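Asker: Chains as they are written, first to last, in this note's numbering: chain A, 1 to 361; chain B, 1 to 307.
Think of the hints as simulated: they come from the structure by calculation, not from any bench.
Bear in mind the structure is a predicted one, so any value in this text is a computation, not a measurement.
Every residue, glycine too, gets a C-beta built ideally from N, C-alpha and C.
Be careful, since some hints might not be right.
Covered stretches of chain A (in silico footprint by chain B; criterion: 3 or more residues with CB under 8 Å from a CB of chain B, positions within the stretch not fixed) [what the hints assert, rightly or not]: (1) 78-91; (2) 103-117; (3) 146-158; (4) 289-303.
25 Å max Cα-Cα, derived SDA-like pairs, lysine to any residue [stated by the list, open to error]: (5) Lys-248(A) with Ile-285(B); (6) Lys-248(A) with Leu-284(B); (7) Lys-248(A) with Gly-149(A); (8) Lys-197(A) with Leu-55(A); (9) Lys-248(A) with Leu-273(B); (10) Lys-248(A) with Leu-280(B); (11) Lys-248(A) with Pro-282(A); (12) Lys-197(A) with Lys-248(A).
Computed spacing ranges between beta-carbons, pair by pair [said to hold, decoys possible]: (13) Arg-237(A) with Asn-216(B): 37 to 47 Å; (14) Val-296(B) with Gln-21(A): 26 to 36 Å; (15) Asp-116(A) with Arg-112(B): 37 to 47 Å; (16) Lys-197(A) with Glu-215(B): 28 to 38 Å; (17) Gly-20(A) with Val-296(B): 32 to 42 Å; (18) Ser-61(A) with Asn-293(B): 56 to 66 Å; (19) Pro-174(A) with Ala-75(B): 37 to 47 Å; (20) Asn-216(B) with Leu-26(A): 27 to 37 Å.
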Amino acid sequence: MIGIPSFRLEPRLEAGRPSGQALQVLSGAVLAFVLGALFLIVTGEDVLVAYGALLRGSFGSVNALSGTLNKAVPIGLCALGIAFAYRARLWNIGAEGQLYMGAFGAAGVGLHLPADTSAVIALPLALAAGMLAGAAWALVAALLKAYRGVNEILTTLMLNYIAILWVGYLVNGPWSDPLVFSFPYSAAVIPGAQIGKLFFGVHAGLVVLCLMAVLLIVIDRSSRIGYELRLAGDAPRAALYGGINQRKLVLIGLGGAGLLAGLAGAIEISGATLRLQSGLSPGYGFMAILVAWIAQGRPLAILLASVLYAALLNGGFALQVSGVPPAIGTILQAVLLLSVFAATTFGTYRLRRVPTGSLAT
Amino acid sequence: MSPDLLLAAAIVAGTPILFAALGELLAERAGVINLGLEGTMLVGAVSGFIVAAETGSIWLGVVGSALSGALFGLAFAFLTITLRMNQIVTGLGFTILGGGLSAYFGSGYVGRPLPVSMARPDLGTLADVPFLGVALFRQDFLVYIVLALAIGISFYIYRTRQGLVLRALGNSPDVLDMLGMNVTALRYLYVGLGTALAGIGGAYLSLVTTPTWIENMTAGRGWIALALVIFASWRPLWLMFGACLFGLVEALRFRMQIGEGASTIDPHFLSMLPYAATVLVLVLISGARARMNAPVALGTAYDRESR
């Protein structure tokens with residue numbers, strides 16, 4: 001090893017206890033904020049002003065808190081989908097595009113139903129259309145992976161750009177609102193397709209997010225498909241030998257991920273923006289990848305991590321007023337993932353001092 | 001547009017992608033897949049622009065972009081090679097980190113014009129050769145540098161002893177280790193060199209193509225470069241061809257969007273072309289043959305004791 005030749009990393013033989021793992025995650029998170037503080041100091045910014053603004057903008061008021069919870073919904077839903085696909089070691093980097101397609105589907109229903117359609121009909125239709133559109137978009141990459149062996153990391157990523165441009169075309173062209181012609185917006189969706197508020201500014205998407213997390217736990221623990229996905233991921237040879245249909249798993253894994261990301265987009269339309277617009281998502285689908293990994297794919301941990309990432313995003317907006325470049329929010333998001341991931345990886349190894357002159361150096 | 005002007009525009013548009021793809025090829029040949037390429041390009045683009053704007057020297061800008069790209073890449077190398085973190089997740093993290101860092105440092109430079117521009121060598125009468133003169137002999141220095149690099153790296157990989165070592169590094173690092181070579185140091189070297197090239201690729205956008213700094217100005221070119229490496233089956237000369245192809249798509253799109261005879265197709269659809277073309281290319285080369293040349297140890301950290 002470079003730099004410290006008398007030490008080496010070796011795998012721990014015993015499995016880590018859950019308390020030990022929680023400690024690793026926590027120490028990784030602390031490390032991230034220390035690194036962030038050092039970075040701010042080195043670049044000549046006031047740490048207290050920056051972190052204070054982040055905190056105030058994310059949890060400091062009822063408005064800030066409800067904004068944070070609302071933003072956790074799309075991040076969390078996309079992250080659940082990414083974790084679902086990764087059960088079978090499938091990479092969904094396309095949640096952002098699937099979210100846009102979901103928004104397109106939901107807006108398509110919400111804009112074109114008669115204005116007095118009852119919420120009992122309009123809302124489920126809008127959400128279902130969003131889920132189908134998101135799943136269909138993910139299936140493009142899934143079919144290419146299943147039948148042609150095309151790398152899904154790159155295809156799902158490329159499909160993001162295409163979906164975002166597609167929505168951009170709609171809101172600038174056929175679906176643009178004639179009343180606000182200088183903005184790339186559609187008209188508002190009909191009231192029946194709006195999801196409504198729970199309390200303060202928090203919309204009911206939060207309930208959907210929690211339900212989906214529970215659903216993923218149920219699928220993991222007590223469904224055949226959950227078992228098959230994990231088997232294909234953890235022991236691909238055993239899965240092959242056991243006659244599990246790999247193609248079906250690719251379609252279900254990525255399709256399910258797209259379904260959840262599409263749902264996230266539909267909820268953005270019916271709960272947050274209420275209209276289709278370009279710049280609909282500030283990168284929810286990409287943050288979700290970080291969230292899914294920090295949470296190690298565990299549904300409940302995903303809920304917590306998505307609130308944390310939503311806080312970094314929401315707090316980032318407050319930074320603009322404080323004079324610190326808001327990009328520090330993005331930097332912290334990445335550093336948080338890398339340090340937690342480093343801490344948990346490091347936790348599966350131990351640092352052993354190698355006696356000098358030993359053959360093992 | 002006349003075909004020679006179109007070819008000239010294609011070469012310019014393909015240059016940043018070729019820089020990044022050559023860099024990724026070096027890292028992947030060494031066994032390290034760097035999905036942080038897009039972020040590395042952004043870091044290179046912003047630092048190249050800042051250095052050039054502050055010093056008034058475009059070449060210092062290029063050097064600055066290479067150094068910061070390499071520094072960024074060495075951080076990636078530390079996490080993936082020394083700490084043996086998963087290369088895919090770490091790479092994605094670095095893409096977001098690079099986006100954040102470049103936006104942070106570039107926030108004071110958005111929209112500023114660049115006081116200097118990249119020089120073009122005077123190739124005398126060659127520039128007047130019909131057709132090829134415009135396309136090939138009136139370009140800026142970086143275009144010639146990247147073409148020379150592609151040919152040089154191809155020669156290096158297939159015709160030199162060190163190139164043989166590089167190929168072994170990605171295929172059977174354990175053999176190199178047994179022969180007493182330092183797998184870790186060599187991988188650091190190639191990741192560092194590769195990210196330096198990706199940094200220059202980013203700087204080409206902010207110093208030559210645009211030339212100004214815009215947040216997220218790479219717009220997926222790092223990912224297209226990653227796809228090109230697969231398309232080229234890890235062969236540098238094929239990268240040259242692939243980058244030209246993508247440059248052509250980009251030039252055509254630009255051509256159809258503006259100017260006389262602009263197409264009536266909505267610009268959003270034209271902007272989809274490079275991404276759709278990437279998917280198409282990945283589909284066309286899919287199958288067993290595509291991965292024939294893939295480094296065997298690609299994406300796996302080397303651990304002597306699990307040999």
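Asker: Does Lys-248(A) pair with Leu-284(B) here, judged by a C-alpha cut-off of 25 Å?
Answerer: OK: Lys-248(A) and Leu-284(B) at ~23 Å, within 25 Å.
Asker: Within 27 to 37 Å: is that where the Cβ-Cβ distance between Asn-216(B) and Leu-26(A) falls?
Answerer: Roughly 32 Å apart at Cβ, these two residues keep to the hinted range, so it holds.
Asker: Three residues or more, CB to CB closer than 8 Å: is that satisfied between the segment 103-117 of chain A and chain B?
Answerer: Result for this restraint: violated, n = 0.
Asker: Cβ-Cβ distance between Lys-197(A) and Glu-215(B): within 28 to 38 Å?
Answerer: Since the Cβ atoms of Lys-197(A) and Glu-215(B) sit about 33 Å apart, the hinted range of 28 to 38 Å holds.
Asker: Given the hint of 56 to 66 Å, is the C-beta distance from Ser-61(A) to Asn-293(B) inside that range or not?
Answerer: holds, 57 Å
Asker: With 32 to 42 Å as the target window, see if Gly-20(A) and Val-296(B) comply at their CB atoms.
Answerer: Cβ of Gly-20(A) to Cβ of Val-296(B): about 35 Å, so the range 32 to 42 Å holds.
Asker: Next pair to validate is Lys-197(A) with Leu-55(A); report whether the Cα-Cα distance is within 25 Å.
Answerer: holds, 24 Å
Asker: Is Lys-248(A) within 25 Å of Leu-280(B), Cα to Cα?
Answerer: Given that 25 Å is the threshold and the Cα spacing comes to 23 Å, the pair holds.
Asker: Under the criterion that the straight-line Cα-Cα distance not exceed 25 Å, is the pair Lys-248(A), Pro-282(A) satisfied?
Answerer: violated, 32 Å
Asker: Taking only the CA atoms, is the gap from Lys-248(A) to Gly-149(A) under or equal to 25 Å?
Answerer: holds, 13 Å
Asker: Is Lys-248(A) within 25 Å of Leu-273(B), Cα to Cα?
Answerer: violated, 30 Å
Asker: Mind checking the hinted window 37 to 47 Å against the Cβ distance between Asp-116(A) and Arg-112(B)?
Answerer: violated, 53 Å
Consistency note: the structure conflicts with the earlier hints numbered 1, 2, 9, 11, 12, 15.
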